[in-house]
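**Q** Now for the letters of each chain:
2 protein chains.
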Amino acid sequence: MEIFVLRLSHRLPRDERISTHVCLVARAFGANSVVYSGQHDSGLEESVKKICASWGGQVEGSAMPFDISYEKNALKFMRECKASGYSIIHLTMYGLPLPEKLNEIKNSKKLLIVVGSEQVPGEVYELADFNISVTNQPHSEVAALAITLDRIVNGRELTKEHSWSFGSRIKIEPCAKGKKFRKS
Amino acid sequence: MEIFVLRLSHRLPRDERISTHVCLVARAFGANSVVYSGQHDSGLEESVKKICASWGGQVEGSAMPFDISYEKNALKFMRECKASGYSIIHLTMYGLPLPEKLNEIKNSKKLLIVVGSEQVPGEVYELADFNISVTNQPHSEVAALAITLDRIVNGRELTKEHSWSFGSRIKIEPCAKGKKFRKS
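Protein chains in written order, with the UniProt record's numbering: chain A, 1 to 184; chain B, 1 to 184.
To be clear, the hints were calculated from the coordinates, so they are not data collected in a lab. Some hints here could point you the wrong way.
You can't tell identical chains apart in this list, so a pair holds if it fits in one copy or across any two.
What the hints assert, rightly or not - Simulated crosslink set (DSS-like; lysine-lysine; CA at most 25 Å straight-line): (1) 110 with 177; (2) 160 with 106; (3) 101 with 180; (4) 109 with 76; (5) 82 with 72.
Just chain A, same shape as in the assembly:
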């Protein structure tokens, strides 16, 4: 399955760290790529590229390494994705509970998962094939994305094997106390 994440309306400096966390969760939890709209931010792009350089950018089952790109017009991008066969999942506290729609979502071959910032335009709700809630409480787009990806990949991201598949020379050897590495 191919999974893109779209981070809507990135604002500087307000969203610097939250958007970085969104991107790193996308990568660590098995998405293929992240796209963001709002303000262009070369610092955000650098942060993601730096993590890929240190920790690997390879994505299981994908020909392309994990990457980040900017789209000025998020709605146009969503419409184009839809036209080319992506199912669009919009994460919102107002949507249907994730477990209710998970099987349908997992049947899709290509997914675009959209996470918003504070004001999401009504058209996003309309364009989405699934408006999905990860709890009906206010919390965090970082957490909502993590839980959604975790359910889609069946918890595979939690295994050492998944973490070791990113093609980095440095691999963490999980341990009960302290920090252990392996270099290849």
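With chain A fixed as given, assemble chain B onto it according to the hints.
**A** Just chain B now, with coordinates in the frame of chain A:
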């Protein structure tokens, strides 16, 4: 089960939003209370209290509403928790994979889940009963906390019933498009 979350070394202004997301995830995913160390931040405390005022602060099975408090000395606080019977879980990308220790963790009656900022002192690893990884990749303490709580409460946080249990007058009625509320 009683669950406390400890957010280590809050820094201003850098961690303002990440720490807020940590607190909101703690609340939405079923923790009883959040404690933070580092710089005192009345803005962070206000944000959490405001969410509780609007969306409810009641925690299922708990006599006390969800709350936030400050601890100057995090290590002392951890030692006190340990002495009074809490199992301490420290979330770190170097720890053992969550699924390996989940059953042991769920057998505890009282949990303190510790999430760090960039440099976590070695003593935290020593004091922890469980050093646990949510992936062995760098991503986000917000996501790590969400996945850990999700597994501990068996996904209960994703149900409408859980979201409706916070005692707020406004309840979200999950829907396929748009936003629906119910007022009681």
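**Q** Evaluate each hint against the coordinates.
**A** Verification of the supplied hints:
Proximity of residue 110 to residue 177 under the C-alpha cut-off of 25 Å is restricted to the inter-copy arrangement: shortest distance 21 Å between copies versus 39 Å within a copy. For a Cα distance limit of 25 Å, the shortest separation of residue 160 from residue 106 qualifies both inside one copy, at 23 Å, and across copies, at 22 Å. For the identical chains of this complex, residue 101 and residue 180 are inter-copy neighbours only, at 18 Å across copies versus 39 Å inside a copy, given an alpha-carbon limit of 25 Å. In this assembly of identical chains, the alpha carbons of residue 109 and residue 76 lie at most 25 Å apart only when taken from the same copy (21 Å versus 51 Å across copies).
In this assembly of identical chains, residue 82 and residue 72 lie within 25 Å of each other by CA distance solely inside one copy; the values are 17 Å within and 51 Å between copies.
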